[in-house]
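Enquirer: Mapping the sequence shown onto my numbering, position 260 (from 1) lands on 260, and the numbers just tick up by one.
Hint data in this document are derived by calculation from the structure and do not stem from the laboratory.
These figures come from a predicted structure and were not determined experimentally.
Among the clues, some could well be false.
[Claimed, not checked] Under the rule of at most 20 Å between Cα atoms (straight-line distance), these lysine to aspartate or glutamate pairs were calculated in the EDC-like manner: (1) K43 <-> D116; (2) K231 <-> E209; (3) K265 <-> D146; (4) K129 <-> E102.
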Amino acid sequence: MNMPATSEGRRKIRLGDLLVENGIISGKQLEEALSVQKRTGNKLGRTLIEMGVISEDALLNFLSRQLNIPLVDLRHYRFNSELLHRLPETAARRFRCIMLAEQDDGYLVGMADPTDIFAQDEITRLVGKPVLAAVVREADLLRTFDTVYRRTEEISDLAEELGQELAESDFDVAQLAASDEVTDAPVVKLLRSLFEDAVQVSASDIHIEPDENALRIRQRIDGVLQEQVMKEKRIANAVVLRLKLMAGLNISEKRLPQDGRFNIKVKNKSIDVRLSTMPIQHGESVVMRLLDQSTGILDLLHLGMPPDILAHLRRILRHPSGMVLVTGPTGSGKTTTLYAALQELNVPDRKIITVEDPVEYRLPRINQVQVNPRIGLEFATVLRAALRQDPDVILVGEMRDQETAEIGLRAAMTGHLVLSTLHTNDAISTADRLLDMGAQGFLLASSLRAIIAQRLVRRVCEFCAEAHVPDAHQASWMRTVLGDGADFSRLRHGRGCTHCNNTGYRGRIGVHEYLEPDEAMLTALRRSRMDEFARAARANPLYRPLMRVALDYALEGRTSVDEAQRLAAEVEVH
Numbered sequence: 001m002n003m004p005a006t007s008e009g010r011r012k013i014r015l016g017d018l019l020v021e022n023g024i025i026s027g028k029q030l031e032e033a034l035s036v037q038k039r040t041g042n043k044l045g046r047t048l049i050e051m052g053v054i055s056e057d058a059l060l061n062f063l064s065r066q067l068n069i070p071l072v073d074l075r076h077y078r079f080n081s082e083l084l085h086r087l088p089e090t091a092a093r094r095f096r097c098i099m100l101a102e103q104d105d106g107y108l109v110g111m112a113d114p115t116d117i118f119a120q121d122e123i124t125r126l127v128g129k130p131v132l133a134a135v136v137r138e139a140d141l142l143r144t145f146d147t148v149y150r151r152t153e154e155i156s157d158l159a160e161e162l163g164q165e166l167a168e169s170d171f172d173v174a175q176l177a178a179s180d181e182v183t184d185a186p187v188v189k190l191l192r193s194l195f196e197d198a199v200q201v202s203a204s205d206i207h208i209e210p211d212e213n214a215l216r217i218r219q220r221i222d223g224v225l226q227e228q229v230m231k232e233k234r235i236a237n238a239v240v241l242r243l244k245l246m247a248g249l250n251i252s253e254k255r256l257p258q259d260g261r262f263n264i265k266v267k268n269k270s271i272d273v274r275l276s277t278m279p280i281q282h283g284e285s286v287v288m289r290l291l292d293q294s295t296g297i298l299d300l301l302h303l304g305m306p307p308d309i310l311a312h313l314r315r316i317l318r319h320p321s322g323m324v325l326v327t328g329p330t331g332s333g334k335t336t337t338l339y340a341a342l343q344e345l346n347v348p349d350r351k352i353i354t355v356e357d358p359v360e361y362r363l364p365r366i367n368q369v370q371v372n373p374r375i376g377l378e379f380a381t382v383l384r385a386a387l388r389q390d391p392d393v394i395l396v397g398e399m400r401d402q403e404t405a406e407i408g409l410r411a412a413m414t415g416h417l418v419l420s421t422l423h424t425n426d427a428i429s430t431a432d433r434l435l436d437m438g439a440q441g442f443l444l445a446s447s448l449r450a451i452i453a454q455r456l457v458r459r460v461c462e463f464c465a466e467a468h469v470p471d472a473h474q475a476s477w478m479r480t481v482l483g484d485g486a487d488f489s490r491l492r493h494g495r496g497c498t499h500c501n502n503t504g505y506r507g508r509i510g511v512h513e514y515l516e517p518d519e520a521m522l523t524a525l526r527r528s529r530m531d532e533f534a535r536a537a538r539a540n541p542l543y544r545p546l547m548r549v550a551l552d553y554a555l556e557g558r559t560s561v562d563e564a565q566r567l568a569a570e571v572e573v574h
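Build the full structure now, drawing on both the sequences and the hints.
Expert: Listed below in structure tokens is the structure:
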């Protein structure tokens, strides 16, 4: 895509005058915008958009026509990683620009403000070739920075630097890792880059795993691990020691697992890090769960629950007593759902106590207790004490044993609203699991208000989504579940792009299965007849199994058929 380098493209361009001359805005609107611009310091184009004088699309199309330059949609652009890094990230962010393509007469550079001649001159100086401007949306550009400027190369370089320092130095590894002399030590810079990269791509966990001849760093993004392998295996001890110090753990103990936590600030975000170490064959494995405290907790409205389930759940939460259970495997979003429910219940006239292991998010006005088995502070012990604290609502992190389950059920029966989780496969098997744990059928029937089973499936990336035609196997499976009249016209999948790290997915969405016991189910519970309970549950008009909900999301284009099939296989296997 060649662009003529006209003299008009190089002279100082007064955007306001151009807009007035072409009748896009009035002289009075320009004066008002210039006045606002003086106060805010924003560029004129951004000021006009924020004032509502002109839409961003209208402004960008005008600039594209007026300056005879292309308008590029970054959401669907395939970037060249090598070309991108010819312009340093600091300069790209400063000048609001990004390298798009190399042409015979220079570099095509996407710019939020293509009228900025000073920026074009600086970029030309930095890259050593003429700059041919293209106009891009600023919001898309800022999002793109976080996805294309990953820290993987920087992490590898710092790992190599740390490896060389360890090889050349006479200092003990523990001294290097524990040194407080500073922030420019290679191990500190390496960890800083590692955390920045993880936060940039919204990773939920970081795994650090020493192997025989390498160090593996893996990040869990949208539920899937992505790996980076470094040959500098000897740096593992220095990295683990520094992390142990940050978490206040015993650095001399390498034979036993340890748990700790610390808080760090990354990109103006407060990140709570839960750290777990475990001795393995070639050293110590470290897994860190990252919790972004600065984003706040999702409320029920933003969990992605279908409106009918949300309405029923809110009605149940208004009850003064009873038990609400959220079930699913580890990493299925149970805690997020429970905290969203607590947000809704957290008002001055309610006393709320939580019993957790660990306390993940700190909430105002709520009394949160961290269990500590080493000193006898078990779930059941704390739960008994909590009942003497005059609570209205109790959250139990997990129903782990018969004692905890029975105390929770009796509390729900005697005027308390109890929220908790269980590791079960679906909503129907939850009651069976409680009976297996020793809970009595009449207690369940008297206390159980609702069960929500949930999973997380990956969302189709909106930047590279395209229509999907199912293959014969997929079509056959969907017709078996939905019937022959199923409409496949809105199926989508992601072809893979820079924004989703070529996975085709970006973000996740909850799949919820809601079960509210009716009279037939309660009768079955009182008799402890799980076969009758299951039949009554499946006959309930509110009940939609997880697999069917996931498939509905696929038919709407929110997730892919592959993800729906993956969830179905997971549910069936268990």
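Enquirer: Please go over all the hints and tell whether each is borne out by the structure.
Expert: Checked hints:
For a cut-off of 20 Å, the pair hint linking K43 to D116 stands: about 10 Å separates their Cα positions. About 12 Å separates the Cα atoms of K231 and E209, which keeps this hinted pair within 20 Å; it holds. Between K265 and D146, the direct Cα distance comes to roughly 17 Å. Compliance with the 20 Å bound is thereby established for this hinted pair. A hinted pair counts as satisfied when its Cα atoms are at most 20 Å apart, and K129 with E102 qualifies at roughly 10 Å.
In this structure, none of the earlier numbered hints is contradicted; all agree with it.
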